[in-house]
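Given these sequences and hints, build the entire structure.
Protein chains in written order, with the working numbering: chain A, 987 to 1493; chain B, 388 to 933.
It should be emphasised that the hints constitute simulated quantities derived from the structure, not laboratory data. Being a predicted model, the structure only gives us computed values, none of them experimental. Where hints are given, some of them may not hold.
[Claimed, not checked] Residues from chain B that face chain A, not an exhaustive set, calculated with beta carbons under 8 Å:
#, residue
1, Tyr463
2, Tyr540
3, Leu541
4, Glu544
5, Leu545
6, Val548
7, Leu571
8, Ala575
9, Leu578
10, Leu581
11, Arg589
12, Val628
13, Trp631
14, Val710
15, Tyr714
[Claimed, not checked] Negatives, chain B to chain A, calculated, CB over 10 Å:
#, residue
16, Tyr777
17, Ala786
18, Ser841
19, Val879
Every residue gets a Cβ at the ideal spot worked out from N, C-alpha and C, and that includes glycine.
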Amino acid sequence: MSRVLDVAALAPLGFVALGAMSILLLEVALSRRPNPEGVAATRSPGPAARTRIGTLLAFAASGALVLAIYAACYLFEAGLQSDFGPGRPLLQLDALSSFAIALIGLGALFSVWLSITYLPAMRILHGEYYALLLLATAGMFVMVSAVDLVALYLGLELASLPTYALAGFNRRKLRSNESALKYFLVGSFTSAVLLYGMALLYGATGHTDFAGISRGFEGGGGLALAGLALMLAGLALKVAAVPFHQWAPDVYEGAPTSVTAFMAVTGKAAAFVVLLRFLVLALPELGDRVEILLAVLAALTMGIGNLMALIQDNVKRMLAYSAVAHAGYLLVGFAAGSAEAWTAVLFYLIVYLFMTVGVFCCVVALAQGGREWDSIDDFSGLAGRRPALAALLTLFLLSLAGIPGTAGFMGKFYLAVAAVNADQIALVLILVATSLVSVFYYLRLPVAMYMRRVRHGEPPETSTSEMVVLALCAAAVVYLGFFAQADPAGMGIRALDLAGRAADFLH
Amino acid sequence: MLGPYVDAYLISWVVFLPFASALGLLLANLVVGFLLRSNGLPKVVWKVTAMVASTLSFLAALLGLWSRFDPEETGYQLVERVEWLPEYGIHYFVGVDGISLVLVLLTTFLVPVALLATWNEIDRWLRSYLFFVLALETAMLGTFVALNLFQFYLLWELMLVPMLFVIGIWGGPRRVQAATKFFLFTVAGSLLMLVGLVVVYRMNFEQGGALNFDLVRAVGTAASGMPLLETVIPAQASETVPWWQTQSWLFGAFAIAFGVKVPLFPLHTWLPDAHVEAPTGGSVILAGVLLKLGAYGFLRFALPLFPDATVEWVPVVVVLSLVGIVYGSLVAMVQRDLKKLVAYSSVAHLGFVMLGIFALNLHGLTGAVLQMVNHGLATGALFVLVGFVYARRRTREIADFGGLARPMPVFACLLGVVVMASIGLPALGGFVGEFLILLGAFGAEPWAAVVATSGVVLAAAYMLWMFRRVVFGPLDKPENRGLIDLDLRERVAVGLLIVPIVWIGVHPSPLLRRIEPSVSVLLQEMELRQSRTALAANASLPESAP
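Structural data, given as structure tokens:
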């Protein structure tokens, strides 16, 4: 494979990294205003000007992300596969990584759009925000293409460090500080556990690349198994699977909502794609032994996540536990461990992106004057004030609950089919039972919005960028709910086929 | 007759007309609201359009479906099939047989009547209300005509959402709790059915080689895969067959979903709450149509797919039906609230329907289908009448009434007719249905028929007692003196419901002629599948034997 091609395959990463750098420079350049004497002033500009600058930076970030998504789609369509690295492959650009890059890029793009009016509304608009977001995105791009433990670790750190800063972006809010610190401590712990696991795997097999680990694993004995267990624990921490989920509610609640959406959507997609690649490429014949472990993890995650979500009164905390529960549903696919299941998992990641961004966008749209409506009571009677917003939020929540006619149902349906075909009937029953529990807490918001008296004053107007995100997510949720793999518009886009093609590369 | 575009897609027109008009109204509302900076279309436009759309749907069902349906021909008629998610064997596949035909007619008839009866009842958020009712109608109709199990499930669940809002937004004081309870109960049941459905789907795939959710083979289409009804589902677990692939378990999964909806004792506890809190229109649709869907699910899916398990479960279901009949009647007798009384009478009447179904013979099943129609009409009329007095007095306590015959003679007269219909007086619809059910039950389990007959007596007792306390006796409450009798709209609404009640009672043969052949096809299908299961079990015995 030629060098030129290799560089082309790195295009998405390049766009995002360059975008982050330029935003940092751009912010400095824009914020400097000549004062009457013509000397650059160090005084920061007024709020209106800052909002304008912020919007401009958001456009720059969107541009970089759109280019990255376009490049990823192009690579996916072209079906190129190339390895990148000095001597041995560190990154592998294939259908799975292009798919994941496009997905993560889309999540990041939505988060940028959510931030445009949210940051000024919460009075936390600083230019670095978008740069940090893009850097974290770049890290995730590295994670999902990594076929070597070293590259994986680099990507993980690059993705994590900016996210710690983002979680604490609301400096004046105690909860946000707590969120950042907690996320940082847990994140460091995760890195340590992963590193330890990687070291043990390297010690046992003598390799850091996935293919080498796969070859050397059988001879590795207990050391290799211990390494594997630590790796799994680290990744479980990343996706917030029970019993490694304790950090998620605090971090989700404290972080600015646009950041929460970013973490929930892209972080989860990246971690699950890494898990997928690691399990399939590095440990192909260990599937059966890991299966039971994953099944237990899935069952616990679904059960605890959904039960804990029941008793939350804060919307963001509830969504955090619901995110834990959804990690459990995804793990069901991992426990099934068939080609069909990988397709279902990747499809679920698409579905999850749209419905989660949609829900968070509704929360974001209600923020004004430095505070947001994040308790369930705050939503009381909203349907009378903002009928469209209430209807859309209901749609997204029904989708999260898995009511037919929405994307969430199709996602769960494919997972359930894959699990039944893999004889995992017990897991399917748990999935179904816990989904029922989830209906109960997802219904609380629609019930408050439609069936209770108004509690608050007039909610803010929904901004254009939020309307665009809401419209796109709603359209996707309904479209995928009815046409997961049909193609009525004749555009040649079938979501399930895309997921299937991405999963094909694992064989 | 109705033009080529209507004729070829008759069922789709009937099914989607209400929802399409609801969407059209929503769109027009948004456009008008945007252009004129107003609140959107006037309420009366919404009301009239909803009324016209649901009436058109009924006319299409009556003039199109009913007249084009050939009673002589067995099997599904007016079939339409469009590929939807072909790789997973999911299609838009609809058709009617005698059973679904009468239920479609009932549904399309009840919705416009309910809209007429509650013309002035809803004021707050009227547009949303009409949108939900029309969406609900489409979902219910789609469920009745679905021949693809996935499509059935999708609409079955989707139906809950508008009903949740109808109860939760426009209901009585405890509406939130009632709506949530209704939703959770039904979702709990149907989720288990989802697992069962996926298991059947997998077994069908293993035997047929292609993914498929179609219940029967679609005539004249290049359908790949084996219809679900040809899948061999083992009756017993064995070394090669895990417990979750047996008929008993799968039947249980389906039966709980349908049993919650019917509702079968002891899964009925959501019903009284939902009925008491729901607005009149919601109650009429809930009692008239939604409950029928449970019984219909048994007929269309649970019985033919799992015949061995059905036979195995007969004693259990029959006993539960009988408990439902007697318990429902006794509880109805002691109710102080009119709506609650009618709600518990529904539990009892649906017990009859279940008894008829699980008699598993021609009389019982035919009677059950007929009784579903009768119950829909009579209970719908009862809820409408209760709604009328509630609108006047803002109370439903039986003790608050008495002697209503004097200020409201027309109301008293109509209530009398409906009460008689509900009891099952000869020459009214209820009699034919109950008689056939008892006949069938006697043929299957004589003791069950004896117990069930006591239910008829109890029904007469609680209904007539209620009638006496509300309509006759001294007019001793001053608030009741000035009550205004039913106006023309209200008389027409109830009158429309009484027409088919009398018609079925006097001349049931047009209905029976259409129901009976479909029921006998169902029974043959069950026998065929039973023998096929036995054959497959015998064939596999020598292999597994040492």
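request  = Grab the minimum C-beta distance from B/Trp631 to chain A and call the hint holds if it beats 8 Å, violated otherwise.
outcome  = holds (5 Å)
Checklist entry - Going by Cβ atoms only, is B/Ala575 closer than 8 Å to chain A? => result holds (5 Å)
Report task. Compute the least Cβ-Cβ separation between B/Ala786 and chain A, then decide whether it is above 10 Å. Result -> Given a closest Cβ separation of 30 Å, the condition holds.
Can B/Leu571 be said to touch chain A, with a Cβ gap under 8 Å? holds (6 Å)
request  = With chain A as the partner, please determine if B/Glu544 meets the hint condition of a C-beta pair closer than 8 Å.
outcome  = holds (4 Å)
Say whether it holds or is violated: B/Tyr777 keeps its Cβ farther than 10 Å from all Cβ of chain A. holds (20 Å)
According to the definition I'm using, a residue is off the interface if its beta carbon is farther than 10 Å from all beta carbons of the partner; does B/Ser841 meet that for chain A? holds (37 Å)
message: Quick check on B/Leu541 please, does its C-beta sit within 8 Å of some C-beta on chain A?
response: It holds, given that the least Cβ distance between B/Leu541 and chain A is near 4 Å, below 8 Å.
Query - Hint check, B/Tyr714 versus chain A [nearest Cβ-Cβ separation less than 8 Å] - result: The hint is violated - B/Tyr714 has no Cβ within 8 Å of chain A, the shortest such distance being about 27 Å.
Problem set entry | Satisfaction of the B/Tyr540 interface hint, Cβ to chain A closer than 8 Å | holds (7 Å)
Do the numbers back the hint for B/Val628, that is, is its least Cβ distance to chain A under 8 Å?
-> violated (12 Å)
*Grab the minimum C-beta distance from B/Val548 to chain A and call the hint holds if it beats 8 Å, violated otherwise.*
holds (6 Å)
When the structure is compared with the earlier hints, violations turn up for hints 1, 12, 14 and 15 and for no others.
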